[in-house]
Amino acid sequence: MTPSKRIMTDPRTLSPSLETHVAARDETFLDTNELVINMGPQHPATHGVLRVILRLDGEKVLGLECVIGYLHRGVEKIAENRTYTMFNPYVDRMDYVAAVSNGLGYCEAVEKLLSVEAPPRAQYIRVILTELNRIASHQLWLGTHALDIGAITPLFYTFRDREEILKIFEKYCGARLTTHAFRIGGLQYEAYEGFEKDVKNFISFVKPKIDEYEELLTTNRIWLERTKGVGVISGEDCIALGVTGPVLRASGVKWDIRKAQPYANYKNFEFEIPTGENGDTYDRYIVRMIEMRQALRIIEQAVEGIPEGPIMAKVPKVMKPPVGEVYHSIEAPKGELGYFIVSDGSTQPYRVRVRPPSFVNLQALDIMCRGQLVADVIAVIGTLDIVLGEVDR
Amino acid sequence: MNPNPPVATPFFFYLLAAVMIIGGILVITRKNAVHSALALITTLLAQAGLYLMLYAPFVAGVQIILYAGGIMVLFLFVIMLISIERNLKERQFNHQWLIGIAAAAALGGLFIAVYTTTTQGKVLFPAVGRLSYVESGNTQGIATLLFDRHFGTYMFSFEIASLLLLVAIIGAVVMAKKRI
Amino acid sequence: MIAKLKREYGSGIEPLTHLGQNYMIVDRSLFPEILQILRDAEQFDYCVDITAVHYPKREKQFDVVWVLYSFARNERIRVKTQIADGDSLPSSVSIWATANWLEREVFDMFGIKFDGHPDLKRILLPEGWKGFPLRKDYGILQQDSEWVQINLGIESGQ
Amino acid sequence: MHVINQYILSYLESNQTPGTAGNFLWATIYILLVFVGLSIAVIAMNWLERKILAHMQVRLGPMRVGPHGLLQPIADALKLLLKEDIIPAEADATVFWIAPFIVVLAAFTVFVVVPFGPTHAITDMNIGILFMLGVSSLSVLGIVTAGWASNSHYPLIGALRSSAQMVSYEVAMGLAVVSAIMMTSLSDHGTLSMIGIVEAQLEQGEWFIFKFFPLGLIAFAIFAVAMVAETNRAPFDLPEAESELTAGFHTEYSGFRWSLFFLAEYSAMIAVSSIAVTLWLGGWLRPFPNALKGSGADLAFSLIPGITFLFLAGMCFYNTARMPKHPLFRIQTLGLAGFGVVLAVIGLILFIPPVRVRIQDIFWFSAKVAGFMYLYIWYRGTFPRYRFDQLMKVGWKVLLPTGLALLVLTAIVGMRAELLADLQGAWR
Chain W
1 MTPSKRIMTD PRTLSPSLET HVAARDETFL DTNELVINMG PQHPATHGVL
51 RVILRLDGEK VLGLECVIGY LHRGVEKIAE NRTYTMFNPY VDRMDYVAAV
101 SNGLGYCEAV EKLLSVEAPP RAQYIRVILT ELNRIASHQL WLGTHALDIG
151 AITPLFYTFR DREEILKIFE KYCGARLTTH AFRIGGLQYE AYEGFEKDVK
201 NFISFVKPKI DEYEELLTTN RIWLERTKGV GVISGEDCIA LGVTGPVLRA
251 SGVKWDIRKA QPYANYKNFE FEIPTGENGD TYDRYIVRMI EMRQALRIIE
301 QAVEGIPEGP IMAKVPKVMK PPVGEVYHSI EAPKGELGYF IVSDGSTQPY
351 RVRVRPPSFV NLQALDIMCR GQLVADVIAV IGTLDIVLGE VDR
Chain L
1 MNPNPPVATP FFFYLLAAVM IIGGILVITR KNAVHSALAL ITTLLAQAGL
51 YLMLYAPFVA GVQIILYAGG IMVLFLFVIM LISIERNLKE RQFNHQWLIG
101 IAAAAALGGL FIAVYTTTTQ GKVLFPAVGR LSYVESGNTQ GIATLLFDRH
151 FGTYMFSFEI ASLLLLVAII GAVVMAKKRI
Chain E
1 MIAKLKREYG SGIEPLTHLG QNYMIVDRSL FPEILQILRD AEQFDYCVDI
51 TAVHYPKREK QFDVVWVLYS FARNERIRVK TQIADGDSLP SSVSIWATAN
101 WLEREVFDMF GIKFDGHPDL KRILLPEGWK GFPLRKDYGI LQQDSEWVQI
151 NLGIESGQ
Chain Z
1 MHVINQYILS YLESNQTPGT AGNFLWATIY ILLVFVGLSI AVIAMNWLER
51 KILAHMQVRL GPMRVGPHGL LQPIADALKL LLKEDIIPAE ADATVFWIAP
101 FIVVLAAFTV FVVVPFGPTH AITDMNIGIL FMLGVSSLSV LGIVTAGWAS
151 NSHYPLIGAL RSSAQMVSYE VAMGLAVVSA IMMTSLSDHG TLSMIGIVEA
201 QLEQGEWFIF KFFPLGLIAF AIFAVAMVAE TNRAPFDLPE AESELTAGFH
251 TEYSGFRWSL FFLAEYSAMI AVSSIAVTLW LGGWLRPFPN ALKGSGADLA
301 FSLIPGITFL FLAGMCFYNT ARMPKHPLFR IQTLGLAGFG VVLAVIGLIL
351 FIPPVRVRIQ DIFWFSAKVA GFMYLYIWYR GTFPRYRFDQ LMKVGWKVLL
401 PTGLALLVLT AIVGMRAELL ADLQGAWR
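Protein chains in written order, with this note's numbering: chain W, 1 to 393; chain L, 1 to 180; chain E, 1 to 158; chain Z, 1 to 428.
Treat each hint with caution, since some may be false.
[To be verified] As a list, the in silico BS3-like pairs of lysine-lysine whose alpha-carbon atoms are at most 27 Å apart: (1) Z:K397 / W:K228; (2) E:K113 / W:K77; (3) W:K77 / E:K57; (4) E:K121 / W:K77.
[As the list claims (entries may be wrong)] Some chain L residues flagged as far from chain Z (calculated, every beta-carbon gap over 12 Å): (5) L16; (6) A17; (7) V19; (8) L50; (9) Q96; (10) A102; (11) A103; (12) A104; (13) A106; (14) V174.
By construction, these hints were calculated from the structure, which means they are not laboratory data. Ideal placement from N, C-alpha and C gives every residue a C-beta, glycine not left out.
Put together the whole structure using the sequences plus the hints.
Okay, structure coming up:
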């Protein structure tokens, strides 16, 4: 990658306040051109309480503004008032469809701050659970995304198969969604009896199911027409806008933190980073489908090689990390999930900043939708794979 | 052959005519354009009923499919796009009462004159004459008039009319499109 | 790289490393040139995050932190500056488009103004909310009860 | 007594539709029968759609109200009737009130000319197919006014989409219909009458779908696509696209008014399917009316309706036997068995000779329509939704030119003998 010299999307034109546009509307009698329409916060396709103010020319989108914060719970403020251990369950409530990834990021960040490392056995189980969670997150994305575009059937298929993953989670830690699976320094629970068998069964179960999803969609003419060339974003624009995850990869940038700056023990596993070429909705779909398969590949390797040993590193009962700060990020299903933790030497973090992938990715909605039709806005919101719990925190 | 009691009774005529007139008045008096359009649709449907009374079902069908179902939908389409609030504030009448009344009176006088000269001593609905036209031959009859290897009298004019419509369509496209 | 910058700007830059992560404390006066240089000359083309930390006891109350990443070098760096309450910073939106929402969030949570930001307003909290929640003097149970009462028609949102 | 006899019974021997025979009593009976039958069909369709779609999507669908959720549509209808009837404050109340009635009226009126059998139509109009197209095109008025009267953005956009979509696809639909009508003129004379069209197929010895292969098939395909668009169903369900416009033109409607839209949508689906069946699939004709002639074949085919019902009854009994023996399931088991008994009784009635002869036309017609209904459900389970510009592209750039070319080709192929004669004449 060379630093791009050309001017990318002019940042100043991003998300301008729409009120000015409304005021400047031409007040002639036959003014049929501009329509300002409010989508959400209660709307079936905004995946939660996202409000999008659209400025339309007929059905063509001239610009849009996202209004977020309806689900703001002040997670970062809560962190400052809890101990490191007590805050751990809260991170599950941000990206609640990928709670395991959130937990992994937080635990690793605190471990870094404490300068401890989880033992290998814990690392392997962490990777298995995280990758399972990636598949679950992508499945949920696929189902809802296809539903937004009008195909209702994939939703039920993906939810049926996601159920198997949630069952494994439930058996492992007793919770299905907000798992709180990891502890700082390792794991609290040893893998249950038959965990490996369950995971292996799941792999052989879900492989043909992914083919099944693809059969329904990949070559479906209407699906192709609805997704090809829709919501195109270039790699340069992605980088300028900080967009990460499958969206960035679909735009042709081969970058995955699991490879670039390996955490956990991802460097021990073989897998490929899928990339797209056109950066459109279809490529993002393909990239995520391949990612599911690659995740299976990682799980396969991990489940074969789980070493014996302890699952918890030596961490003090009362955690008082030395004064300092750390930024640690992982590749969550949606993109780069970062934790910036400042410690003042006490039991509570002085400041926890979460760098949420959904929040940053959502910012690209504006330029991805310009010039597209209303129906494409739905497709683009779907393809960005945002979770409002994480956007608003 | 046709044991049906005739539908072309004065009762139905007056009913449909009344509907048409009321509809017509509503079209020009309603301030809300959508209401006007709906009234116009009622008028057109009543007119289709009159065609049926004349044993011209094909014309009635075409009236419904083209005017009520096609053109009026486009009217509504355009009206709906126009902001209603502003529309209501507009003055609908351009205060040409005198000319309007004069024209209406002249037209009414003409009707009365025609009526009195042509139906002297006769009833309005004669039992014989055109009304005995058999319904079941109407559509085929029109087809024969328009196109037949031997009697296709109006073939050329029909095609000319469709050509005119084509010209109108192209004209509309040229005017509407900023860049061709 | 840091050495070069250090040579150029002298005392304005203080490079540090903690737990293997590089960061530098940059003087307020060097903004925004330093960010522009980092992006153009040093290829830090991806602005990961912008955030702030509040130290109420310090004279310069706020640390504003840019987390940057370079695809070419596969390297992260944090740029930090200290400003006092009420001070503003030049916006980095023209350098990284992604700074738009990130700066808005910093403004929303800490009340730090960014000059030249195209649309600086609250992002997560509603317009018209009083107070900046992530400042240390803002209690965890605190809320803008006036706003809540007017807009939601309830006594308290808790 | 004699008068009544003559009035009521003479019709049964007259072999005419009541409209043609001018028999008001029988016309009223037929109208009531069609109305009731249609309502039942809509209810059944509602249940079937939910069940079939559910099974396509690896779920069970309604299971609670009645055995296998058989009473679910009735429960739904009751719920809808009891719901609060909301008229939005800013809505245009009059138009808001009228709109659902326009839609329902248009959807039900078309059944006046639908021929369920050679005499099983309310009336046989000379302009039958034109009447059907014309009246069904009126339903768009209801949708447009509903969207406008709601005074809300989503319904308005839904209504705009709907009107543009329906007007566009009517053109392609009309062209396909004309090509079928041209095929009727190959009998002694062409006709627009629905009964006449089916009789022409009987006379020419083949369904129009196979006529001038592949021209008939293409015309049918055009119609089959256009009719899905006309009825606003998936994948052309943009006017009510849930993920974009919440519910499109009927977003603001609730309770009874909403159920009228629902009723109209399903009866419109049945209506356009009836057109397709009449025009291309031989209407009420049983399979192979010409190839397998004779009383034996007649008898065999006339037994099929009864056998079908007995088969369905058998399925019910089989599942009754499979029901869990838990006391909680007793009512369900009884209900399913009762349903099976009803089906079996209907099946047995269908074996009685006079009934058999009169009903089998209706059976074949309904079976063909049911095939289309299944297609509608299948589409909904399989396809994503088209985008609006793509929908318009399909309508204007694919279906319309194909339809026009098809029309010309059908004319040439149909008149090839005369054309050749003319050419030979010109040559000499």
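No chain Z beta carbon within 12 Å of V174 (chain L)'s: Non-interface label on V174 (chain L) holds, nearest chain Z Cβ at 18 Å vs cutoff 12 Å.
Hinted pair K397 (chain Z) and K228 (chain W), Cα distance within 27 Å: holds, 20 Å
Verdict on A106 (chain L) as a residue remote from chain Z, using beta-carbon distances over 12 Å: holds, 35 Å
Least C-beta distance between A103 (chain L) and chain Z, which was stated to exceed 12 Å: holds, 31 Å
L50 (chain L) remote from chain Z - nearest C-beta pair above 12 Å: The claim stands: L50 (chain L) keeps its Cβ more than 12 Å from every Cβ of chain Z (closest is about 16 Å).
Minimum Cβ-Cβ distance from L16 (chain L) to chain Z exceeds 12 Å: Holds: least Cβ distance 17 Å, greater than 12 Å.
Separation of Q96 (chain L) from chain Z, once the least beta-carbon distance is taken, above 12 Å: Consistent with the label, Q96 (chain L) stays out of reach of chain Z, its closest Cβ about 29 Å off (over 12 Å).
Chain Z versus A17 (chain L) - minimum CB to CB distance exceeding 12 Å, so not interface: Holds, since 21 Å exceeds 12 Å.
Nearest-CB test (12 Å) between chain Z and A102 (chain L): holds, 34 Å
Pairwise hint evaluation, K57 (chain E) against K77 (chain W), where the allowed Cα distance is 27 Å at most: Satisfied, since the Cα-Cα distance of roughly 18 Å is no more than 27 Å.
Restraint check for K113 (chain E) with K77 (chain W), where alpha carbons must lie at most 27 Å apart: Holds, at roughly 20 Å.
Separation of A104 (chain L) from chain Z, once the least beta-carbon distance is taken, above 12 Å: Its Cβ never comes within 12 Å of chain Z, the nearest being 28 Å, so this holds.
When the structure is compared with the earlier hints, no violation turns up for any of them.
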